[in-house]
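Respectively, the protein sequence lines represent chains A and B. Position one of the first sequence corresponds to residue 1 (the working numbering), numbered consecutively onward. Position one of the second sequence corresponds to residue 1001 (the working numbering), numbered consecutively onward.
Keep in mind that the hints are not guaranteed to be accurate.
[Unchecked claim] Per label pair, the in silico range of CB-to-CB distance:
#1 S39(A) to A1093(B): 51 to 57 Å
#2 S39(A) to E1081(B): 52 to 58 Å
#3 E1081(B) to R27(A): 31 to 37 Å
#4 A1113(B) to A335(A): 56 to 62 Å
#5 E1081(B) to P30(A): 38 to 44 Å
#6 R408(A) to A1113(B): 52 to 58 Å
#7 R27(A) to A1093(B): 32 to 38 Å
#8 D160(A) to A1109(B): 56 to 62 Å
#9 T25(A) to A1109(B): 33 to 39 Å
#10 S325(A) to A1115(B): 45 to 51 Å
#11 A1093(B) to T25(A): 38 to 44 Å
#12 T1031(B) to S325(A): 54 to 60 Å
[Claimed, not checked] So the derived list for chain A, only partly shown, Cβ under 7 Å to chain B, looks like this:
#13 D155
#14 E262
#15 S266
#16 H351
#17 L358
#18 H370
#19 R379
#20 S384
[Said to hold, decoys possible] A few chain A positions that, by computed beta-carbon distances, are all more than 12 Å from chain B:
#21 A78
#22 H110
#23 S268
#24 Y306
#25 R361
Derived by calculation from the structure, the hints in this document are not laboratory data. C-beta: ideal position from N, C-alpha, C; glycine also.
Listed here are the chains, written in short residue letters.
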Amino acid sequence: MNDMTPSPGFDVDRIRADFPILRQTVRGKPLVFLDSAASAQKPVAVIEAMKTAMETQYANVHRGLHWMSERTTEAYEAARDAVAALMNAPDRHEIVFVRNSTEALNLVAHSYGRHLLRPGQAVLISAMEHHSNIVPWLMLRDSHGIELRVAPISDAGELDMAAFEALLEDGKVGLVSITHMSNVLGTYTPAERIARIAHAHGAKVMFDGSQAIVHRAVDVQAIDADFYAWTGHKLYGPTGIGVLWARRELLERMPPFLGGGEMISSVSYERATWAAVPHKFEAGTPAILEGIGLKAAIDYVRAIGYPAIAAHEAALTEHALASLSAIEGLRILGAAQDRGGVVSFALDRAHAHDVATLLDRFGIAVRAGHHCAEPLMHRFGLESTARASFGVYTTQAEIDTLATALVRVREFFA
Amino acid sequence: MSGGLDDLRDLYQDVILDHGRHPRHGHRLATFDASAKGDNPMCGDRVEVFVRHAPDGTIAETGFDARGCAISIASADLMAETVTGKRPDDARALFAAFRDLVRTGACPACDAALADPLERLAPLAGVHEYPSRVKCATLPWHALIAALDGAQEASSE
Ligand SMILES: Cc1ncc(COP(=O)(O)O)c(C=O)c1O
């Protein structure tokens, strides 16, 4: 995956044709969508899969004994198989469907955190987490007496591995929960190494793979992870569905997160017993159509292939770093060796919100703000940045459009 | 690359760029009677407004300490300018009119007595096209009104 040239099979024009929204104009200009890290656009395969399900094959799952319910259950459960294969999970029952990464992280904080961590133990995160991998731990700290530790990062935006290991030394850390790729800096963290060190100190390890799985193949067995969370809408799938993968023995020991239908084995007024995993964690009617859409998204991504996607995005990122860093007064956050398709930047003369509004006038969509990572912004002495992020459909020409527009923006604020 | 920034002049008029970069009132007052903070957690903008009253109760001077975009700084600065000499109730009425202006781009029902200060604030009317930016323009006003009401913190909209 170090090969920077897109594979010959990668035809960005053909890929763009799969995304109807890219034909839209914004303010009279072709849409230049550089905000995929917030949420990616959807290929026609996903749109059609959900539409076809609604038009031809839809009922509630796991409960009806009728034809429609059986077929819908098959389609929905096929999504679980697709997710298991995507992550190389050893067992399809280890795939828990949730709403998004945030819910996956909260599920682990509630269920594992409150029941299998003891007060006095610690959770270790990094200094480049999204709020969704900070706030659940603050809540657990306050409700359950768990200490929260934060492993520092370097100015380049890489995890300080020596400091990370030192924070595990006293053996109090029960769980390490760390991003696999920063949504602000683009940094990939060395997941295998993190898992090895965490395990050597008796801690379990969870990865927030919200960004990572979009750009590269994830193999939970190769990483030797214990938990891995991600969210469907960033992987070209629908909103409202996300994934928590966890080792089966952990899921077996963890109590349910939410109670209700679907998650029980039997219920009386005296007690309820839980369904087997993963259903124990899937209370209520699940996101059926979204599951079907997610499978279509996974099939789409796998048909292009991660090696081709990673090469395409590495080339884009390299091009973006070169062209943006050539702009006077523009500072790029982070300079990690191993990074994915996200570039955050600040202009000396203009606030990130003004930059985003001006870029919008060129039809360019970027995100501006703290990117749900306030502590990380403060780490770099900033309140906000603008961020351009790339997907399978992003072109070098779009990055050139961004660079040219940024030069104009800077002149505007001269 | 044509167009683009030229149409942006309706939002970022010279007055806004100028006051955004070089605010005249962007400082704490050495002595003040009231102050309040405003915070926009969505974007991290923050402002603290300081007010000194004249013996007759009118606003003698307003200053602010702000961190934010050009629109919020310019809005704070033009606010400080236009409320000087006003009675607190007139400042409240001016804010109500200004809020209509930045939300809708116009203020048809506005009191003729406010015509002068509103004309001064008119360069900010362009934000109505950007609903997510309206708060940038109103944040300093919320802090001002909170200070006039004796509150420490502006309640967000
Ligand atoms: C690194 C990271 N973690 C977590 C999330 C939260 O994802 P979601 O909002 O889908 O739960 C995001 C996206 O916003 C992210 O980039």
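Each hint tested on the structure:
no. : hint                            : verdict
1   : S39(A) to A1093(B): 51 to 57 Å  : 42 Å, violated
2   : S39(A) to E1081(B): 52 to 58 Å  : 41 Å, violated
3   : E1081(B) to R27(A): 31 to 37 Å  : 32 Å, holds
4   : A1113(B) to A335(A): 56 to 62 Å : 57 Å, holds
5   : E1081(B) to P30(A): 38 to 44 Å  : 41 Å, holds
6   : R408(A) to A1113(B): 52 to 58 Å : 41 Å, violated
7   : R27(A) to A1093(B): 32 to 38 Å  : 35 Å, holds
8   : D160(A) to A1109(B): 56 to 62 Å : 59 Å, holds
9   : T25(A) to A1109(B): 33 to 39 Å  : 36 Å, holds
10  : S325(A) to A1115(B): 45 to 51 Å : 49 Å, holds
11  : A1093(B) to T25(A): 38 to 44 Å  : 42 Å, holds
12  : T1031(B) to S325(A): 54 to 60 Å : 47 Å, violated
13  : D155                            : 21 Å, violated
14  : E262                            : 36 Å, violated
15  : S266                            : 45 Å, violated
16  : H351                            : 4 Å, holds
17  : L358                            : 6 Å, holds
18  : H370                            : 5 Å, holds
19  : R379                            : 14 Å, violated
20  : S384                            : 5 Å, holds
21  : A78                             : 39 Å, holds
22  : H110                            : 25 Å, holds
23  : S268                            : 46 Å, holds
24  : Y306                            : 34 Å, holds
25  : R361                            : 5 Å, violated
In summary, the structure is inconsistent with hints 1, 2, 6, 12, 13, 14, 15, 19, 25 from the numbered list given earlier, while agreeing with the others.
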